[in-house]
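Asks: As a plain string of letters, each chain reads:
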Amino acid sequence: MNIDNIRNDFPTLHQEVFGHPLVYLDNAATTQKPQCVIDKIKHYYEKDNSNIHRGVHSLSERATKDYEAARKTIRDFFNAKSTKEVIFTRGTTESINLVASSWGGANIGKGDEILITHMEHHSNIVPWQMLCERTGAVLKVIPMNEAGELDLTAYAELLNERTKLVGIVHMSNALGTINPIAEMIEQAHKVGAKVLIDGAQAAAHIATDLQALDIDFYATSAHKMYGPTGVGVLIAKEELLNAMPPYQGGGDMILMVTFEKTQYNELPHKFEAGTPNIAGVIGFGEALKYISNIGFEAIEKREKELLAYATKKAQSFEGLRQIGTAKHKACVLSFVLDGVHPHDLGTILDREGVAIRAGHHCAMPVMQFYKVPATARASFSIYNTEAEVDALFAALEKARDMFA
Amino acid sequence: MEQKREEMFSLGDLYKEVIIDHTKAPRNFGKLEPCSHDAEGFNPLCGDQLHVYLQINDDNIIEDVKFEGQGCSISTASASLMTQVLKGKTVDAFNALFGAFHDMATADMDDEPDEDVLGKLAVLAGVKEFPSRIKCATLCWHTVKSAIEDAGEPAKTE
Chain A
1 MNIDNIRNDF
11 PTLHQEVFGH
21 PLVYLDNAAT
31 TQKPQCVIDK
41 IKHYYEKDNS
51 NIHRGVHSLS
61 ERATKDYEAA
71 RKTIRDFFNA
81 KSTKEVIFTR
91 GTTESINLVA
101 SSWGGANIGK
111 GDEILITHME
121 HHSNIVPWQM
131 LCERTGAVLK
141 VIPMNEAGEL
151 DLTAYAELLN
161 ERTKLVGIVH
171 MSNALGTINP
181 IAEMIEQAHK
191 VGAKVLIDGA
201 QAAAHIATDL
211 QALDIDFYAT
221 SAHKMYGPTG
231 VGVLIAKEEL
241 LNAMPPYQGG
251 GDMILMVTFE
261 KTQYNELPHK
271 FEAGTPNIAG
281 VIGFGEALKY
291 ISNIGFEAIE
301 KREKELLAYA
311 TKKAQSFEGL
321 RQIGTAKHKA
331 CVLSFVLDGV
341 HPHDLGTILD
351 REGVAIRAGH
361 HCAMPVMQFY
371 KVPATARASF
381 SIYNTEAEVD
391 ALFAALEKAR
401 DMFA
Chain B
1 MEQKREEMFS
11 LGDLYKEVII
21 DHTKAPRNFG
31 KLEPCSHDAE
41 GFNPLCGDQL
51 HVYLQINDDN
61 IIEDVKFEGQ
71 GCSISTASAS
81 LMTQVLKGKT
91 VDAFNALFGA
101 FHDMATADMD
111 DEPDEDVLGK
121 LAVLAGVKEF
131 PSRIKCATLC
141 WHTVKSAIED
151 AGEPAKTE
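Going down the list, the protein sequences come from chains A and B.
If you count the first sequence from 1, position 302 lands on 302 in our numbering, and the numbers rise without skipping.
If you count the second sequence from 1, position 3 lands on 3 in our numbering, and the numbers rise without skipping.
If you're looking for bench data, these hints aren't it; they were derived computationally from the structure.
Don't take every hint at face value.
Listed next, the in silico PhoX-like pairs over lysine-lysine satisfying Cα-Cα at most 20 Å (straight line) [what the hints assert, rightly or not]:
#1 K398(A) <-> K24(B)
#2 K16(B) <-> K398(A)
#3 K145(B) <-> K135(B)
#4 K313(A) <-> K301(A)
Label pairs and their in silico Cβ distance ranges [to be verified]:
#5 R27(B) <-> N293(A): 57 to 63 Å
#6 E186(A) <-> F42(B): 38 to 44 Å
#7 P131(B) <-> G251(A): 36 to 42 Å
#8 D114(B) <-> P11(A): 43 to 49 Å
#9 Q49(B) <-> N160(A): 34 to 40 Å
#10 Q49(B) <-> Y45(A): 40 to 46 Å
#11 G12(B) <-> A154(A): 46 to 52 Å
#12 Q49(B) <-> N51(A): 46 to 52 Å
The beta-carbon is built from N, C-alpha and C at its ideal position, and this holds for glycine as well.
Looking at chain B on its own, in the form it has when it is part of the complex (with noise of 0.2 Å):
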């Protein structure tokens, strides 16, 4: 009986109701044209396929950022949740989320997120109890990084 409360707990912090909002209805979903940045992210291992763009300005501000492809629940509403919270921020406040993220998904379970740093990206805390998910969390995340990365260095501003 104990186990099975367990269980129950631990399924509903992967699939929080607004992860499952997030899979059926993506925001920020589709092409952004023209964008100065743009990049593939692929899931070899359960063939999750992500193309993320961005525009951003000379000030090394994302004025905007979409995202398209096919994924399961996690890499899907991370991905939305991602492009929501992404738009108006500088690539160096990118860097610093990209870290804390990926110190969340793979933090000690009891380790509580740092939600004045992630905001509402902290609902995705629970992959850490599921080792086979971190990746789709994440995959939205390495893929911006990369797709800032291959256009080289942005112009920094200072």
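For reference, chain A alone in the conformation it holds in the complex (with noise of 0.2 Å):
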């Protein structure tokens, strides 16, 4: 893995801001695009613009054909059963709400149980509360430690015959945490409970093979797997998608419609209604091919030798302190400096080019547990630096020096 060869397939990299070389370090956020992603998505404007699935046109049979080639790149990438199981959405959000309402409103009923955990995205908080209110079903949540690693004994004493699901963060974008998925779904399936994993955070720096993890439902964004935004993907077991009724109604997700009456379409399409995001979706596929063609193996030695690096030179760095120590995490630093708020710090840091994110993380209840406001949080991907690592702990020594 030559990262000065990565470095160059991405072009937002280059760049100078307030002087300084671009530091990018907001990648939890969202990762940069690599050019081949660009050029795929500016060719489909550019030679193949034309709605799927409808045209018998060769626009619309060229568009039509790199849609439905990127959804088998993608059903390859997760190991899912079949290209049938792979629902496109607007990103993970709408993959969870689309589960929540369609799986939770025929399933879900007053006094059951539904399971997250306590270092949850609001996206996998928001839609199951948003269900216990129209159910009267109850959200319970699985503690954790002051590293953020789960309470596994406490997860065993809350399953029950009532858990009807368990809402999982595959790896926590606040704190870096990856959760021991496997033996946690194995669990849930012993109570009879289905398991949907946000894999948001994770997909980009871990394998994740649907197959054998069981995994019952699957939500992630393209734009955080060096893909464009507003495209993700819901990927469910067949038998379930095919008991669930629609999202949504509309176009393409039909077979018939009389006014008395509609046939609803096959898997996937019953639950894409309208025309999709073409462009983003063909993206998508590319951006799983660049993630494959240098290969998880590479990513994940090269990321912890990264989040080393960057821990080692946080623990000695004077005030510091780190939000989030599990053992198993990956590629985020996320922490509080004394005397300087985390959003100073973000504007400090921007104007020396390094940029992170400080705020909630939209994981309030994470931020809650720490008692803190909020946190400074530096992410990092495939095509960072040591130097950069460095970089950003020259700035933070400046920021720290101007509130001494």
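Got two chains here, separate frames each, mind docking them using the hints?
Replies: Right under this line is the structure:
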């Protein structure tokens, strides 16, 4: 794995911000896009732009072919059983809302329990709260420890025959914790609960084999995987999807419409009402090919190396408190600094060309757990370097001195 | 090199010494008991939380004002400076200052703040160069406004 070559694939990285080379460390919010993804989207709009699944003309046939080829790429990437299980959405949030609304509406009733973890993103909290309000089901939370690791003993005690669904974030965007989903899924299945995995943060960093893990519902977003924004996927077991009512009604999700009755289309089209984000889906497929070409073995090894380098620096940085120190974590360095609020850090670092995130990271319960209003978060990706980590800490020193 | 000077200038423009001083030692920080008006302010984007307390007398004069909460340097310093300025002012004077402060925070880069009206608050004029930080500076003002309005129309002097 040659970092220089990889960096050359990403045009955005090569620019200056306030006279400093850009150091982009906000990859947990969204990753930059490689040239091949940009070119693929450009090609669609320049050569193939047309609607899919309905035109008999050449452009529509080409667009349909590329759109469906992306579905196949995504099936292969996550090892789903069939392309019928691959539903395109606007992103992880919509994927989870689809499950909560469609599957939840049909399967969750009063007194049922939905179990989520303390480190979920708001997108895997709020849709379940809304479902509980509608149905009278109960939302329960798997606690975590100071390091930001789930309490698996408490999890085992929380699971019972009323548990209908367990929602688990594969990797926490606020802490970097990688959760032990394999054993958690196995335990959930023993009480007959279905499992939804929020893969938004993990998908670009860890290989995920849906069949091996026996995941019922899997949601992720393209834009955190070097793909475009506004497109994501729900991958769910075919038998579950078949039994679920449609989420939205409209074009493309039907076989036959009369005013008396509508016959719904087959999977996966039953859940893809309306003209989708065609260019986005095609770009998504290209992004996954880009990741596959590098390979997860190389990615995981490199990102581990870089996180270890950054963590070591963080540990010896006076006044810095790391938020999230799980044994199994990746790519995220979340912290607070004595005397300097994360927001001021964000602004001061920006003036040094260093882009980080400051805030609650859409995980307010995590902030409440650590009793901090916000954290500063540097998040890494395949194209980041040790020199960039050095630039981060040099900028942090500057910020600390300003408020000293 | 040119750009580098520009950058140094801008950052110093926001984090003036007075602002750092008010961040480290906020004035009028704490609860005011009893008080006639109070309200909470919250910036969901960054998690800043603010609670302001006012004692407004029958003549519509802000006799005392305090604040507590957690926030960044800009929101803390802004609230601290605001409490100093508002003490002894009428509600009408607050409304005028509210408008002037808002104008300053959202003004064009070249506009100079009206120091005759704003006094020491003019030190916060630098936020206009930092669009993501304008709300940090204005949060306390909006919170006082809602404290005054929520309690119903305060008695008018005239």
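Asks: If a hint holds in the structure, say so; if it doesn't, say that too.
Replies: Consistency of the hints with the structure:
1. K398(A) <-> K24(B): holds, 17 Å
2. K16(B) <-> K398(A): holds, 15 Å
3. K145(B) <-> K135(B): holds, 15 Å
4. K313(A) <-> K301(A): holds, 19 Å
5. R27(B) <-> N293(A): 57 to 63 Å: holds, 59 Å
6. E186(A) <-> F42(B): 38 to 44 Å: With Cβ atoms ~41 Å apart, the hint holds.
7. P131(B) <-> G251(A): 36 to 42 Å: holds, 40 Å
8. D114(B) <-> P11(A): 43 to 49 Å: holds, 44 Å
9. Q49(B) <-> N160(A): 34 to 40 Å: Given a distance of about 37 Å, which is inside 34 to 40 Å, the answer is holds.
10. Q49(B) <-> Y45(A): 40 to 46 Å: holds, 45 Å
11. G12(B) <-> A154(A): 46 to 52 Å: holds, 50 Å
12. Q49(B) <-> N51(A): 46 to 52 Å: Hint holds: Cβ distance 48 Å, inside 46 to 52 Å.
This entry satisfies every hint, going by the numbered hints stated previously.
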